[in-house]
Amino acid sequence: KAGVTQTPRYLIKTRGQQVTLSCSPISGHRSVSWYQQTPGQGLQFLFEYFSETQRNKGNFPGRFSGRQFSNSRSEMNVSTLELGDSALYLCASSYYGGSPNTGELFFGEGSRLTVL
Amino acid sequence: TQLLEQSPQFLSIQEGENLTVYCNSSSVFSSLQWYRQEPGEGPVLLVTVVTGGEVKKLKRLTFQFGDARKDSSLHITAAQTGDTGLYLCAGISGNTGKLIFGQGTTLQVKP
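In order, the protein sequence lines correspond to chains A and B.
Residues in the first sequence are numbered from 1 upward in steps of one, following my numbering.
Residues in the second sequence are numbered from 1 upward in steps of one, following my numbering.
These aren't lab readings, by the way, just hints derived from the structure by calculation.
None of the values given here were measured: they were computed from a predicted structure.
Just to be clear, a hint being listed does not mean it is correct.
Per label pair, the in silico range of CB-to-CB distance [to be verified]:
(1) B:S26 to A:K57: 22 to 32 Å
(2) B:E38 to A:G84: 42 to 52 Å
(3) B:E5 to A:T7: 30 to 40 Å
(4) B:H75 to A:K13: 40 to 50 Å
(5) B:V50 to A:L11: 20 to 30 Å
(6) B:G40 to A:Y96: 21 to 31 Å
(7) B:E38 to A:K57: 38 to 48 Å
(8) B:H75 to A:Y96: 36 to 46 Å
(9) B:G16 to A:T20: 45 to 55 Å
(10) B:Q14 to A:P8: 36 to 46 Å
(11) B:S12 to A:G84: 23 to 33 Å
(12) B:K110 to A:G28: 17 to 27 Å
(13) A:T38 to B:T20: 25 to 35 Å
(14) B:S7 to A:G58: 17 to 27 Å
Cut-off 27 Å, straight-line C-alpha distance, at most; resulting in silico cross-link-like pairs (DSS-like, lysine-lysine) [to be verified]:
(15) B:K98 to A:K57
(16) B:K56 to B:K70
(17) B:K110 to B:K59
(18) A:K13 to A:K57
(19) A:K57 to B:K59
(20) B:K98 to B:K56
Where is the CB? At the ideal position from N, CA and C, for every residue including glycine.
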């Protein structure tokens with residue numbers, strides 16, 4: 001079956017702009033999580049959506065937001081971009097969601113954002 | 001805040017050598033996962049360990065969950081160039097149910 005699809009794969013923005021990233025989970029998966037990956041900080045949890053509801057949230061500023069649609073597809077938005085937002089943004093879907101989450105995460109290939 | 005510390009952060013070895021990667025925490029995890037990430041791709045799950053003291057083998061990879069469920073190790077026997085990648089451990093908190101990732105271990109296996 002098709003894996004997790006993230007678009008776009010690469011994008012370049014300038015400071016102050018906003019960006020929207022998209023994630024299509026594996027068919028049948030209702031949980032979508034977003035992570036930011038940087039060389040210095042590793043994989044940092046942004047938020048998790050399950051059945052269109054945000055179930056968990058990481059320690060990121062309000063500039064980072066997300067949503068999930070009825071077909072489980074998810075988007076994340078970053079407003080007023082800063083240089084430090086440059087990172088690989090990974091989306092992961094899971095059959096199980098919420099707490100406790102013991103399901104395997106299936107990751108997409110990520111969206112690499114560069115902020116100039 | 002629960003943290004998972006991985007060591008070493010970087011490892012460069014010759015093909016055929018053995019290696020062990022460690023994942024440690026002061027907190028208890030209900031289960032622990034190991035992922036491998038290759039350049040340009042997302043992490044892929046290798047194994048999930050649930051029971052304290054559990055040992056799982058995946059070909060040349062051996063995973064162990066500590067008796068107290070606070071630590072885990074990944075041992076690779078006779079490493080191959082195809083083992084090159086970023087190895088991530090991720091623990092599910094016994095308190096919050098959230099998945100927490102370690103910083104990762106970058107492994108380079110040279111031919």
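Verification of the hints:
no., hint, in the structure
1, B:S26 to A:K57: 22 to 32 Å, "holds, 24 Å"
2, B:E38 to A:G84: 42 to 52 Å, "violated, 26 Å"
3, B:E5 to A:T7: 30 to 40 Å, "holds, 34 Å"
4, B:H75 to A:K13: 40 to 50 Å, "holds, 42 Å"
5, B:V50 to A:L11: 20 to 30 Å, "violated, 39 Å"
6, B:G40 to A:Y96: 21 to 31 Å, "holds, 28 Å"
7, B:E38 to A:K57: 38 to 48 Å, "violated, 29 Å"
8, B:H75 to A:Y96: 36 to 46 Å, "violated, 29 Å"
9, B:G16 to A:T20: 45 to 55 Å, "holds, 47 Å"
10, B:Q14 to A:P8: 36 to 46 Å, "holds, 39 Å"
11, B:S12 to A:G84: 23 to 33 Å, "holds, 29 Å"
12, B:K110 to A:G28: 17 to 27 Å, "violated, 41 Å"
13, A:T38 to B:T20: 25 to 35 Å, "holds, 26 Å"
14, B:S7 to A:G58: 17 to 27 Å, "holds, 24 Å"
15, B:K98 to A:K57, "holds, 10 Å"
16, B:K56 to B:K70, "holds, 17 Å"
17, B:K110 to B:K59, "holds, 20 Å"
18, A:K13 to A:K57, "holds, 25 Å"
19, A:K57 to B:K59, "violated, 36 Å"
20, B:K98 to B:K56, "holds, 23 Å"
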